[in-house]
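Residue numbers (our numbering), protein chains in the order written: chain A, 569 to 866; chain B, 569 to 866.
Rather than coming from a laboratory, the hints here were simulated on the basis of the structure.
Hints are all accurate, no fakes.
Identical copies look the same in the list; a pair holds intra-copy or inter-copy alike.
With a straight-line Cα cutoff of 25 angstroms, these simulated SDA-like cross-link-like pairs (lysine to any residue) come out: (1) Lys656 - Phe680; (2) Lys623 - Phe680; (3) Lys656 - Glu679; (4) Lys623 - Gly695.
All values derive from a computational prediction rather than experimental measurement.
Number of protein chains: 2
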Amino acid sequence: MSWAGRAWAYCDAMRVLAGLDGALLDPEAPLLRADDLAATRGDGVFETVLVVDGKPRELGPHLDRLARSAAMLDLPAPDPSAWERCVKAVISAWRGGREMALKLVYTRGPEFGDGTPTAYGMGLPIGAGALRARVEGVSALTLERGFAPEHAGRSPWLLLGAKTLSYAVNMAALRYAERQGADEVVFLASDGSVLEGPTSTVVVANGRTLRTPPPSIGILPGTTQGALFRAAERAGWTTKVERLRPDDIRGADGLFLVSSVRKVTFVHTLDGTPLPNLEPRRALHAELSDLYESEYRT
Amino acid sequence: MSWAGRAWAYCDAMRVLAGLDGALLDPEAPLLRADDLAATRGDGVFETVLVVDGKPRELGPHLDRLARSAAMLDLPAPDPSAWERCVKAVISAWRGGREMALKLVYTRGPEFGDGTPTAYGMGLPIGAGALRARVEGVSALTLERGFAPEHAGRSPWLLLGAKTLSYAVNMAALRYAERQGADEVVFLASDGSVLEGPTSTVVVANGRTLRTPPPSIGILPGTTQGALFRAAERAGWTTKVERLRPDDIRGADGLFLVSSVRKVTFVHTLDGTPLPNLEPRRALHAELSDLYESEYRT
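Construct the entire structure; sequences and hints are all you get.
Right, dumping it as structure tokens:
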């Protein structure tokens, strides 16, 4: 059986892999050399795009952010049309569920190569944990991230705000949270400023106002947060991009972790303490989820 | 021509690759899957061992540190005998120069795999820059690393002191230094404590005393620094592992960046200013280099 047939046969674990030329590749076969700087140095950038019913969400903002991350790492500027071709190829070959997480990976390439970066797109199923979290909400732990907001402006080598492949700390923070019985993490800066989740953006709601921390303190501008804010503004909400303190997330009417894969997920428990007013929180979550989805209704 | 023949034919770019079973692999062929967590998350650990005339230096301390790094990342404990077999295979197949940098890479493996980690050893030539730096010394820039020494103890998710594959910041700091006309970087903690280089340990000499900062502030314990201190103690030097301030490295008789590949390299220029007493520094460098080499004379 061909690998395409194999992938089709195991739909739950379906993966689709394509290069920038749009050619499909066997996801079970090795792709990267042992000296690829992604593997030996975490030296590259990525994006994860949500695809629903064959339509990529926020592809433009994702490719823009990929380009900004690449620039921060001194990687050659990615070619948007090549990435779009790759995205199209993965989506066309997808035979999994209605939703797919499409990971775009762009690395500095082999250390002992000709200098050509490595680039590929990989279509993956949405994890069971993310699907459950969208419905049930999550418990989160605040953890120190270990830098001051001022570093983002003055220490470009720290790559704050670049979505790099060096995510070992983000993954370790999630494992740490899990050991403490929590699902998620909210990172805090050394001065207590609320930053972001390891793979998500923090959003709080108070009345008809949504707030999220500013990228200038060393975090990623969220593509899903951007879409949510756009939709909320159209529906008459006020949106603010401003610094948040731990009290702001504890005292908000609603606390959310948003990302492509988890969409708008609400936090029901913070640092081991259930947040008050669960039912109004659920209602708020339903309202914001609906607003977010309204961006993609035709 | 077989790939082994190709490797032999291009000795300057020679690379030897082996798996943990000791089987040789084609270094030009892809090894890692697109979903290997090394490539997508920098999720793994590594070591670089110097091999001279077929003998690996400090292999025990390197494998010990690999095991400690792996534990910090919740990776399965590496099997030392398997790694020794891999090291032996790479060394036996090496047809390059007298010296080889042997990189040991241990990753969490494919995200959509059976949970088996990816592990390999890769023999590489010593880079021209490192060879030159050993002789001529280097200029270095102090750069903020963005965390406080206290984080090492209280924030295990930051993986401070683990040698992870998430080295994008370390590489970005070196590129930043290069743009400022410097060869190397000395990282400082947020309180000004001297930490380490992106791929090296900081050592200072004053009189007959060598000092290096303590791993407890969130840095790697240096294998080459350990060997140098061992040799120095035997020769009657005093060695201290204690915190250093920027003034300590500026005012020392000698400032060194030590690592497996660069051995003992002296710093002649710090933050754009030539350090005083160049000739005594060179003499000190020659003496410490000789001490270090004495560890491996039979």
